[in-house]
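*Asks:* Chain by chain, the residues:
There are 2 protein chains.
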Amino acid sequence: MKSFTVATLLKETKLQEIQIKGWVRTFRANRFIALNDGSTLHNIQCVVDFENTDEALLKRITTGAAVSITGELVESQGKGQSVEVTVTKIEILGDSDPETYPIQPKKHSFEFLRENAHLRTRTSTFSAVMRLRSALSFAVHKYFNDNGFYYMHTPIITGSDAEGAGEMFRVSTLDQKNPPLTEDGSVDQTKNFFGKDTNLTVSGQLEAETYAMSLGKVYTFGPTFRAENSNTSRHLSEFWMIEPEVAFMDLAGNMDLAEDFMKSVISYVLEHNADDLEFLDKRLLDEEKTKPQAERSELSLIEKLKFVTENNFKRVSYTEAIDILRNSKPNKKKKFNYIIEEWGADLQSEHERFLVEKHFKCPVILFDYPANIKAFYMRLNEDGKTVRAMDILFPGIGEIVGGSQREERLDVLKEKMAVLDIPEEELWWYLDLRKYGTAVHSGFGLGFERLVMFATGMGNIRDVIPYPRTPQNAEF
Amino acid sequence: MKSFTVATLLKETKLQEIQIKGWVRTFRANRFIALNDGSTLHNIQCVVDFENTDEALLKRITTGAAVSITGELVESQGKGQSVEVTVTKIEILGDSDPETYPIQPKKHSFEFLRENAHLRTRTSTFSAVMRLRSALSFAVHKYFNDNGFYYMHTPIITGSDAEGAGEMFRVSTLDQKNPPLTEDGSVDQTKNFFGKDTNLTVSGQLEAETYAMSLGKVYTFGPTFRAENSNTSRHLSEFWMIEPEVAFMDLAGNMDLAEDFMKSVISYVLEHNADDLEFLDKRLLDEEKTKPQAERSELSLIEKLKFVTENNFKRVSYTEAIDILRNSKPNKKKKFNYIIEEWGADLQSEHERFLVEKHFKCPVILFDYPANIKAFYMRLNEDGKTVRAMDILFPGIGEIVGGSQREERLDVLKEKMAVLDIPEEELWWYLDLRKYGTAVHSGFGLGFERLVMFATGMGNIRDVIPYPRTPQNAEF
Numbered sequence: 308m309k310s311f312t313v314a315t316l317l318k319e320t321k322l323q324e325i326q327i328k329g330w331v332r333t334f335r336a337n338r339f340i341a342l343n344d345g346s347t348l349h350n351i352q353c354v355v356d357f358e359n360t361d362e363a364l365l366k367r368i369t370t371g372a373a374v375s376i377t378g379e380l381v382e383s384q385g386k387g388q389s390v391e392v393t394v395t396k397i398e399i400l401g402d403s404d405p406e407t408y409p410i411q412p413k414k415h416s417f418e419f420l421r422e423n424a425h426l427r428t429r430t431s432t433f434s435a436v437m438r439l440r441s442a443l444s445f446a447v448h449k450y451f452n453d454n455g456f457y458y459m460h461t462p463i464i465t466g467s468d469a470e471g472a473g474e475m476f477r478v479s480t481l482d483q484k485n486p487p488l489t490e491d492g493s494v495d496q497t498k499n500f501f502g503k504d505t506n507l508t509v510s511g512q513l514e515a516e517t518y519a520m521s522l523g524k525v526y527t528f529g530p531t532f533r534a535e536n537s538n539t540s541r542h543l544s545e546f547w548m549i550e551p552e553v554a555f556m557d558l559a560g561n562m563d564l565a566e567d568f569m570k571s572v573i574s575y576v577l578e579h580n581a582d583d584l585e586f587l588d589k590r591l592l593d594e595e596k597t598k599p600q601a602e603r604s605e606l607s608l609i610e611k612l613k614f615v616t617e618n619n620f621k622r623v624s625y626t627e628a629i630d631i632l633r634n635s636k637p638n639k640k641k642k643f644n645y646i647i648e649e650w651g652a653d654l655q656s657e658h659e660r661f662l663v664e665k666h667f668k669c670p671v672i673l674f675d676y677p678a679n680i681k682a683f684y685m686r687l688n689e690d691g692k693t694v695r696a697m698d699i700l701f702p703g704i705g706e707i708v709g710g711s712q713r714e715e716r717l718d719v720l721k722e723k724m725a726v727l728d729i730p731e732e733e734l735w736w737y738l739d740l741r742k743y744g745t746a747v748h749s750g751f752g753l754g755f756e757r758l759v760m761f762a763t764g765m766g767n768i769r770d771v772i773p774y775p776r777t778p779q780n781a782e783f
Numbered sequence: 308m309k310s311f312t313v314a315t316l317l318k319e320t321k322l323q324e325i326q327i328k329g330w331v332r333t334f335r336a337n338r339f340i341a342l343n344d345g346s347t348l349h350n351i352q353c354v355v356d357f358e359n360t361d362e363a364l365l366k367r368i369t370t371g372a373a374v375s376i377t378g379e380l381v382e383s384q385g386k387g388q389s390v391e392v393t394v395t396k397i398e399i400l401g402d403s404d405p406e407t408y409p410i411q412p413k414k415h416s417f418e419f420l421r422e423n424a425h426l427r428t429r430t431s432t433f434s435a436v437m438r439l440r441s442a443l444s445f446a447v448h449k450y451f452n453d454n455g456f457y458y459m460h461t462p463i464i465t466g467s468d469a470e471g472a473g474e475m476f477r478v479s480t481l482d483q484k485n486p487p488l489t490e491d492g493s494v495d496q497t498k499n500f501f502g503k504d505t506n507l508t509v510s511g512q513l514e515a516e517t518y519a520m521s522l523g524k525v526y527t528f529g530p531t532f533r534a535e536n537s538n539t540s541r542h543l544s545e546f547w548m549i550e551p552e553v554a555f556m557d558l559a560g561n562m563d564l565a566e567d568f569m570k571s572v573i574s575y576v577l578e579h580n581a582d583d584l585e586f587l588d589k590r591l592l593d594e595e596k597t598k599p600q601a602e603r604s605e606l607s608l609i610e611k612l613k614f615v616t617e618n619n620f621k622r623v624s625y626t627e628a629i630d631i632l633r634n635s636k637p638n639k640k641k642k643f644n645y646i647i648e649e650w651g652a653d654l655q656s657e658h659e660r661f662l663v664e665k666h667f668k669c670p671v672i673l674f675d676y677p678a679n680i681k682a683f684y685m686r687l688n689e690d691g692k693t694v695r696a697m698d699i700l701f702p703g704i705g706e707i708v709g710g711s712q713r714e715e716r717l718d719v720l721k722e723k724m725a726v727l728d729i730p731e732e733e734l735w736w737y738l739d740l741r742k743y744g745t746a747v748h749s750g751f752g753l754g755f756e757r758l759v760m761f762a763t764g765m766g767n768i769r770d771v772i773p774y775p776r777t778p779q780n781a782e783f
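First to last, the protein sequences are chains A and B. Numbering-wise (our numbering), the first sequence opens with residue 308 and increments by one. Numbering-wise (our numbering), the second sequence opens with residue 308 and increments by one.
I should point out that these hints are in silico values taken from the structure, not numbers from a laboratory. Certain hints may be false.
It does not matter which identical chain is meant; a pair holds if it fits inside one copy or across any two.
[Said to hold, decoys possible] Pairs of lysine-lysine residues, derived as DSS-like cross-links and limited to a Cα-Cα distance of at most 27 Å, are as follows:
{"#": "1", "residue 1": "K413", "residue 2": "K742"}
{"#": "2", "residue 1": "K681", "residue 2": "K723"}
{"#": "3", "residue 1": "K742", "residue 2": "K414"}
{"#": "4", "residue 1": "K366", "residue 2": "K742"}
{"#": "5", "residue 1": "K503", "residue 2": "K484"}
Just so we're clear, the structure is a prediction, and the values are computed from it rather than from any experiment.
Make the full structure from the sequences, and use the hints.
*Replies:* Spelled out as structure tokens, the structure:
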């Protein structure tokens with residue numbers, strides 16, 4: 308007798324005696340068990356001969372119970388499945404008290420499910436989301452591996468806070484109440500675990516550059532942190548970031564890479580996760596119906612994914628984009644929350660979405676941004692006022708990728724750091740890359756949860772990571 | 308004219324005009340450039356026509372300089388390569404001052420290279436190690452993906468310190484010198500970022516169990532932390548861990564999985580990284596020659612890898628192992644540092660290595676350990692004194708994998724937690740897994756850097772991770 312997962316059993320064509328283990332999703336009419344084991348969105352229907360089954364046993368077949376079923380795989384009489392299982396033996400592995408089990412066979416609010424995040428993957432929505440998250444992760448690794456990149460684990464605990472991407476979390480082993488003090492009364496960091504003040508990383512880019520400048524093509528995919536007190540549906544205090552970095556690649560190459568990469572990972576899930584995507588597509592459609600017409604998306608989830616894979620990304624300079632936005636209807640009619648008045652303005656999500664959804668009707672790559680709204684390490688253009696930065700804009704979400712060609716000239720980089728008061732001693736190793744065998748190089752960063760939100764249609768970032776960390780919340 | 312990487316160029320058979328960019332490893336006789344770009348261990352030889360090249364330019368072709376070369380791919384006249392490049396044009400992209408460049412074309416100590424970790428992948432040894440690290444990472448993801456596992460990102464910042472695997476790092480945003488205090492004078496954690504005291508995770512296992520109990524087969528691969536002040540060649544404060552967790556799988560299934568997994572990832576690098584392994588095999592051989600005969604390994608690096616892939620792992624109970632060790636020669640002759648006297652003793656690396664290298668001469672899986680030397684969540688056997696734990700022992704290294712079947716019975720788990728003073732309130736969600744649809748489940752943990760050490764033959768764990776974090780050291 309062969310053991311199956313639900314996924315393999317639903318594809319099985321040989322009618323035979325089988326064994327399967329899983330959790331009861333529903334039990335209808337004292338007869339029909341919808342059994343799920345996480346291997347697929349779908350349940351396998353298991354039909355119990357209730358007339359010949361002990362009453363006490365039947366009562367224990369409840370939503371959430373773990374069961375082991377032996378039976379015959381047969382062609383299904385009912386709709387919605389081609390095969391089902393005629394149960395010959397059922398064993399309750401673990402009961403689930405229907406009075407107290409939080410995950411009832413009904414619609415729960417996402418907020419309630421966040422409070423029960425340890426059980427929420429027992430619902431179709433969250434199991435689909437997390438299977439997609441996993442598939443996207445694999446697609447990322449596969450893309451880079453297939454294209455000759457090396458995966459690099461950049462450090463999580465860092466002694467430098469030079470990048471200035473945001474507020475940081477301190478990492479310490481000092482006594483919290485009575486830290487050791489130096490003679491001048493400041494905290495004595497020499498007594499700390501690492502002998503100095505340390506924080507959680509905000510980005511692995513600078514370290515990734517060191518490896519690109521020896522191994523050629525590398526990428527990171529690891530957790531990064533922001534200690535900003537922003538309680539929004541788009542921010543996490545702990546999130547995963549993907550950062551490729553490539554030697555001898557300029558900004559145009561960077562755009563080529565990012566476009567190819569994004570298309571590849573989204574194509575991967577369109578190909579491998581059709582069931583989960585169809586389910587989430589329908590879920591989003593239902594959710595959209597509850598919104599006023601004007602707020603609904605023009606594209607369904609799957610249409611949005613194909614919008615990315617089937618369109619060329621339009622490359623537009625920041626300067627050109629500002630012109631378009633300044634002369635746009637929503638700007639003239641003051642429909643934007645932030646009116647674009649002059650060159651140098653930082654673009655908001657509403658502007659990015661306008662460019663993608665209304666103006667160009669395709670994903671957009673903006674490039675050559677004003678230097679003063681971008682990071683210190685970006686390559687200054689010959690005009691002296693713009694840098695070789697690029698952002699990729701997607702429908703519904705705005706910016707999803709941010710990247711740049713890096714400043715490879717030692718003197719220009721030092722000057723920029725001086726202006727921003729970044730001490731050279733702290734980044735001596737980063738400067739070394741410009742001292743010894745410097746070369747043009749580029750890379751980009753992608754917040755992985757933003758990608759998962761885009762690919763699943765989920766509206767709150769807390770619903771696309773297993774255990775979200777946000778201000779006032781580090782449960783589980 | 309086509310651009311190549313060194314890896315693709317060395318395999319190219321069409322003799323043609325080519326372009327290639329990389330870093331000069333050596334420049335001999337004013338003529339022969341050994342060029343490397345990280346794409347492979349090997350260099351491509353580029354031959355400069357020094358008689359027709361500007362003297363000033365020749366002087367800038369130094370070790371570490373980044374260059375762009377145009378030339379003809381020709382059959383090589385010299386030994387050691389089948390093709391080489393006749394240079395028609397060379398452009399210096401980035402100079403490298405031979406007076407100050409730290410990575411000279413000579414042997415550097417690993418200690419020196421650790422201080423220059425941002426440049427050490429410009430050496431053959433470290434580029435080989437890091438390419439292998441990357442390949443092993445991919446092999447891990449590929450194995451689990453091919454076998455129906457979902458990749459899960461477990462949280463890094465945790466509000467719980469229940470697992471007790473070791474000392475933890477505190478994560479905080481409170482003022483370090485003058486933390487806010489409550490009325491009773493203790494630190495007011497409600498003012499902290501997460502509203503409570505938080506730490507860096509020591510393991511993702513407990514959270515992985517929650518996903519196994521809904522998605523069936525999952526794994527984690529992420530950073531974990533230990534704040535222990537242990538300055539050894541085998542410990543890091545920050546390291547990466549792989550932790551699969553599977554529902555409905557017992558200890559025997561866990562052993563099958565772990566053996567198959569270890570063989571698979573090691574086979575992967577034997578197949579895909581032959582060049583790097585041969586180089587490291589030779590490096591280790593040279594290193595061993597400097598040791599006294601008695602301390603040398605009987606197996607070369609590649610032999611050790613094949614020792615794993617070609618042998619069945621011998622499964623031995625802890626009790627049986629104790630008997631073997633007690634009656635062994637080194638125990639009787641008091642050659643072990645720790646003499647095994649009775650059942651209940653914790654095994655040391657010397658004992659594990661004896662079992663693998665001398666007694667069984669194959670990888671060994673020890674199982675059914677005494678309950679009191681193992682973690683609270685391990686499944687108690689019917690004998691009431693052993694738990695369904697397993698450790699996999701490898702040659703040269705001892706324990707490399709530790710796993711167990713998990714205690715799935717609510718009452719037994721609660722009792723164990725009570726004995727160890729683990730508050731139920733802190734693990735309410737973990738206990739929920741035993742309340743609602745509990746089932747047999749198992750998993751294991753593998754410290755990734757231990758695997759990289761094993762597969763590369765490197766003796767110090769600081770040399771197998773890009774930027775090691777250890778007591779008093781968080782540089783870069």
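*Asks:* Against each hint, give a clear statement of whether it holds in the structure.
*Replies:* Quick rundown of the hints versus the structure:
For the homomeric pair K413 and K742, the shortest alpha-carbon distance between copies (20 Å) is at most 27 Å, but the shortest distance inside one copy (63 Å) is not. For the homomeric pair K681 and K723, the shortest alpha-carbon distance inside one copy (12 Å) is at most 27 Å, but the shortest distance between copies (55 Å) is not. Taking identical chains as interchangeable, the C-alpha atoms of K742 and K414 lie at most 27 Å apart only when they sit on different chains, with a minimum of 22 Å there against 60 Å within one chain. When the C-alpha separation of K366 and K742 is checked against a cutoff of 27 Å, the pair qualifies only between copies, where the shortest distance is 17 Å, while the shortest distance within a copy is 74 Å.
In the homo-oligomer, the alpha carbons of K503 and K484 lie at most 27 Å apart both inside one protomer (18 Å) and across protomers (14 Å), since each shortest distance falls under that limit.
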